[in-house]
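There are 2 protein chains.
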Amino acid sequence: MYLSQLFIPLIKNLPTEAKIKSHQLMIRTGMIKQSSSGIYSWLPLGFKVMKKIEQIVREEQNHIGAQEMLMPTIQSSEIWKESGRYDDYGDEMLRIKDRQGREMLYGPTNEELITDVFRSSVKSYKSLPQILYHIQWKFRDEIRPRFGVMRCKEFYMKDAYSFDISDEDAKKSYNKMFYSYLKTFSRIGLKAIPMSAATGPIGGDLSHEFIILADTGESKIFADKKIFDIDINKYKFDDASLTRMRNDFTNIYAATDEKYNKDEFNNKVSKDNQVITKGIEVGHIFYFGDKYSKPMNCFIDDKNGKKITVKMGSYGIGVSRLVAAVIEANYNNDVMKWPKTISPFDVVIIPSFTKNNTENLRKAEKVYLELKKQNIDVLLDDVDENMSNKFKKHDLIGVPFQIIIGSKSEGDNLEFKELNSTSEILSLSNIKSKLRI
Amino acid sequence: MYLSQLFIPLIKNLPTEAKIKSHQLMIRTGMIKQSSSGIYSWLPLGFKVMKKIEQIVREEQNHIGAQEMLMPTIQSSEIWKESGRYDDYGDEMLRIKDRQGREMLYGPTNEELITDVFRSSVKSYKSLPQILYHIQWKFRDEIRPRFGVMRCKEFYMKDAYSFDISDEDAKKSYNKMFYSYLKTFSRIGLKAIPMSAATGPIGGDLSHEFIILADTGESKIFADKKIFDIDINKYKFDDASLTRMRNDFTNIYAATDEKYNKDEFNNKVSKDNQVITKGIEVGHIFYFGDKYSKPMNCFIDDKNGKKITVKMGSYGIGVSRLVAAVIEANYNNDVMKWPKTISPFDVVIIPSFTKNNTENLRKAEKVYLELKKQNIDVLLDDVDENMSNKFKKHDLIGVPFQIIIGSKSEGDNLEFKELNSTSEILSLSNIKSKLRI
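Taken in order, these protein sequences are the chains called A and B. Take 1 as the starting number for the first sequence in the numbering used here and just add one per residue. Take 1 as the starting number for the second sequence in the numbering used here and just add one per residue.
Same shape as in the complex, but just chain A:
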């Protein structure tokens, strides 16, 4: 894509409400545009990043055998009355009356709706275990939306739901999802720490938050630094190994302020290993047994033909929030560098040219076509602007690799730079193989 054609409104004057760096960067580089309080449009640059994150989340859900489906955004109040949450949920629920006066709502989460789908579809233990998920817009009518897409009203979430015949089996599903989440965040270039968490309005007695460290985080974090050293790749995808994995994580102290206990922290963690910092929640998993299946009469026949309530868990990842979280983790000293796996483009070509001398631009166009042929997603900066401004701009746009066509590029040897590193002179075929890894 040519930069002059890309719909990317770069903003110089930041709105005063943009207080954290991800919000500032997303506005400055035209990734998002606010349409009303806490509600945003995703412009092409932001959209591309979000879609790449969505695809990684999807692949890691499919990998553990979860099946994708899609529930609607607008739900009837009736199922929420069945579960008892219609009144509990309070003002954060966007309540709607349709033209016939029926009470509807914009789903803030989907435990009730998936239970309704399940109870009318599955009758026998033979169909279990089952994990279903969808990636859909949710709405929470935040009283004070802030921090851009980090705490907004309309947000994009992956939520999965597991169905098992016993607590014991349900824990296996929980562990699979625990594993899937660690894999997902690692592919997005984030180090996420699972922490024992409060269950809030979802309910249940077993829950973990996945937190990435960031100074701007809303959660205060107390952890043993050993938890950062666990290598997820050493676990196999079988129940015994996954049980070990969860034990390894949960045996090391890590808690948000909600669950923090000072004495426990000091007893369990030596002073040298104590990490006290802030973090951003990017995922949250819950096991709540029959909290919904019981009031909503979601029964199945067990082996002996006896009706039992199905045991359920739910598992959320904030897909739109992750875009901001990645920026918080990767935007430092006025340079944003997208992880390769989710960068909006694989590489940007930056030619030095003027109206009167477009030789480098023409050369850039040849390199562009050459890379496109290899299915490399290239951005070509064809804007007539001085190089110093261009570099500043691309420090913000954050494509991790640059090909600079200026005085240092001669013939087939081109100046190639990884953001935050020094540039080197490489042949085009060397550049291609670097980009393909």
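Calculated from the structure, these hints are not laboratory results. Hints are supplied without guarantee of correctness; some may be wrong.
Chain copies aren't distinguished; within one or between two, either way the pair holds.
Each computed DMTMM-like pair below joins lysine to aspartate or glutamate, with the alpha-carbon atoms no more than 25 Å apart [to be verified]:
# : residue 1 : residue 2
1 : K373      : E68
2 : K97       : E142
3 : K51       : E68
4 : K97       : E78
Please build the complex by placing chain B on the supplied structure of chain A, with the hints as guidance.
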């Protein structure tokens, strides 16, 4: 995927409200489940088909240079007051008050919101032409939702918006989209006819509906049968060729009842060529100039620095409706056959086996693994059920190709069947190449 693990609730007793064949089939094969009046969940089988259609729509939009973005579902009433449509839209608009009493709505379409994005982002003729699109859920509070996802409340739509500096340029964008639509429907296996149409609440004076023929359609169609013979592949993607293309289509009589004129029909079309039938609208394109840009002050500077209103068009494809439309066009005599490009699976393996003799099932599993290795998306029917029931079931699920592992399959020679044809005995490698085409 093994059929026993697939979340596909097959329903035997049809609800009485399912009156058209697409609605019936989608309920019977567990593609969708109604959650409340006119609102559906998409279960895995239906979801897979819809996502494949979405991807074809996306590719054909990108192909003409349209850029993808995403606008939110919930909009502020303010922009609709600016355009003057807030009162006009009537009861079909789902109106919402948030917790602070602000008037919001669930977007039924996005002309206002995209104009708002555009006016704050683009200031100069240099940035035009531009086409932006998104694929997002919409809501229309239908007084009488019916026919399943064909006329429902919450629906999935691709809507694109073009921005040009003159009427003349805008017609070029219109023609590009006209071409993109014909390509899109053809890749989905549908013969869609563009017909001059009324503009309704969107406005403007130039508009075409894209209609596919189906007995259950809500629109009555009057056309010259020559229009079915135009080959879209003979046109090149340049302005002159696309102008010719639109002329070729619009010079042949084709109209829905809204625009039908009996005398004109009889004068222009010989009796032998007159086709009078019914159809389903699957796309609708509009050119409306400055209908929105003028009241909403969406100005740009032209070459001479003069402020002019931008000229806009909008272009919709009903992605969720297309799933039903494809069924209406391809489900006959109790057999559904999905077009290859959007089938939920590439092939289904149907072994004949009993609890006491699972030899064919084991053979099927080997074939399954072999095909999976080639990235062929296979469904394996591992359900213990007699073959006659299995065939009836797969006539409905509609995977176009079957490998039948029974008495006719010996060693590496397998019974291979395309739905609605007779079976043949082929080697696995022959089957692989047939599936890859």
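Against the structure, test the hints numbered earlier, and report the numbers of the ones violated in rising order. none
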